[in-house]
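K.L.:
Now for the letters of each chain:
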Amino acid sequence: DTEVTQTPKHLVMGMTNKKSLKCEQHMGHRAMYWYKQKAKKPPELMFVYSYEKLSINESVPSRFSPECPNSSLLNLHLHALQPEDSALYLCASSQGVTAPGAKNIQYFGAGTRLSVL
Amino acid sequence: KNQVEQSPQSLIILEGKNCTLQCNYTVSPFSNLRWYKQDTGRGPVSLTIMTFSENTKSNGRYTATLDADTKQSSLHITASQLSDSASYICVVSATSGTYKYIFGTGTRLKVLA
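Top to bottom, those sequences are chains Z and P.
Using this note's numbering, read the first sequence as starting at 1 and increasing by one per residue.
Using this note's numbering, read the second sequence as starting at 1 and increasing by one per residue.
It is possible that some hints are incorrect.
In silico PhoX-like links for lysine-lysine, alpha-carbon gap of 25 angstroms or less [as the list claims (entries may be wrong)]: (1) P/Lys17 to Z/Lys36; (2) Z/Lys36 to P/Lys37; (3) Z/Lys36 to Z/Lys22; (4) P/Lys57 to Z/Lys36; (5) P/Lys17 to P/Lys57; (6) Z/Lys53 to Z/Lys40; (7) Z/Lys38 to P/Lys57; (8) P/Lys1 to Z/Lys22; (9) Z/Lys22 to P/Lys100; (10) P/Lys37 to Z/Lys9.
By construction, these hints were calculated from the structure, which means they are not laboratory data.
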C-alpha cells in the first residue's frame with residue numbers, strides 16, 4: 001500500500017470558519033509533510049514532521065496550525081484564513097527526513113482543494 | 001542559491017510522438033533527483049529517482065537521465081499517449097543535515113490526438 005489519503009477532497013470555508021484537513025498513511029513512514037500549491041506553480045513546503053515532532057516550519061502564518069497525533073496521521077487546522085490562502089493543499093510522507101537515496105521518495109496524497117470566501 | 005530550472009515551460013505534441021523535458025539545477029550538496037508527474041488537481045506521482053552515481057533510470061515509457069557533472073537531467077517520453085498530458089516536475093534534494101527539496105516550476109505537457 002503506497003497510498004496517502006487526504007480528506008476532504010474539496011473544502012469551501014469563510015474567513016471566520018475553523019476547519020481541519022486530514023492526512024493518513026499506513027506505510028510506516030516517519031516523516032510527513034504539508035505543501036501548498038497555487039495554480040500552475042510547484043508545491044511550496046509548509047511543515048515537516050519527523051517522528052511526530054515538528055521539524056521544519058517554513059515561516060507559515062499562525063492561522064495554519066499542524067498537528068501530528070500519531071505516526072500515521074497528520075492534520076492541518078485552519079482558522080481565520082484569507083482568500084489568498086485558497087490553493088491545493090498536499091500531504092506527503094517518506095520513510096525518513098534524512099534517509100538517503102531511494103528511501104527518501106515522497107509519496108503524495110491527491111490533495112485538498114481549498115477555497116476561502 | 002539552490003535552484004531548479006525546467007524547460008520548456010509548456011509543450012504540445014501529437015499522440016505517438018516522443019518528447020524530451022529538461023531540468024538544470026544548481027543544488028549543492030546534491031543528494032538525488034526525482035521526476036514527478038502531476039495531473040491537474042491531483043498530487044504528484046513519482047516516476048524516477050536517481051542518485052549521484054546513476055546515469056539513467058527507466059519506468060515504462062519514461063526514461064530519465066542524469067549528468068551530475070553538468071548538473072542536468074532529462075525526461076524522455078516515448079510513444080506519447082493522451083494520458084501523458086500533465087505537469088512534469090523535477091525535484092532535487094540537497095542534504096546538509098536535514099533534507100531540503102527544491103522543486104522546479106514544471107513543464108506542462110499536452111498530448112493531442
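K.L.:
Taking only the CA atoms, is the gap from lysine 38 of chain Z to lysine 57 of chain P under or equal to 25 angstroms?
P.N.:
violated (30 angstroms)
K.L.:
Lysine 17 of chain P and lysine 57 of chain P were given as a pair; does the straight-line alpha-carbon distance stay at or below 25 angstroms?
P.N.:
Holds. Lysine 17 of chain P to lysine 57 of chain P sits at ~20 angstroms (cutoff 25 angstroms).
K.L.:
If you draw a straight line from the CA of lysine 36 of chain Z to the CA of lysine 37 of chain P, is it 25 angstroms or shorter?
P.N.:
holds (17 angstroms)
K.L.:
Are the Cα atoms of lysine 37 of chain P and lysine 9 of chain Z separated by 25 angstroms or less?
P.N.:
holds (19 angstroms)
K.L.:
Would the hint linking lysine 22 of chain Z and lysine 100 of chain P be met if the CA-CA limit is 25 angstroms?
P.N.:
holds (23 angstroms)
K.L.:
Just to be careful, I want the Cα atoms of lysine 36 of chain Z and lysine 22 of chain Z compared with a cutoff of 25 angstroms; is the pair within it?
P.N.:
holds (14 angstroms)
K.L.:
Given the proposed pairing of lysine 1 of chain P with lysine 22 of chain Z, does the C-alpha separation stay at or below 25 angstroms?
P.N.:
violated (34 angstroms)
K.L.:
Need the status of pair lysine 53 of chain Z, lysine 40 of chain Z: alpha-carbon distance at most 25 angstroms?
P.N.:
Outside the cut-off at roughly 31 angstroms; violated.
K.L.:
For the pair supplied as a hint, lysine 57 of chain P and lysine 36 of chain Z, is the alpha-carbon distance within the 25 angstroms limit?
P.N.:
violated (29 angstroms)
K.L.:
Compare the distance between the alpha carbons of lysine 17 of chain P and lysine 36 of chain Z with 25 angstroms, and conclude whether the hinted pair is satisfied.
P.N.:
violated (33 angstroms)
Hints 1, 4, 6, 7, 8 from the list above are not met by this structure, while the remaining hints are.
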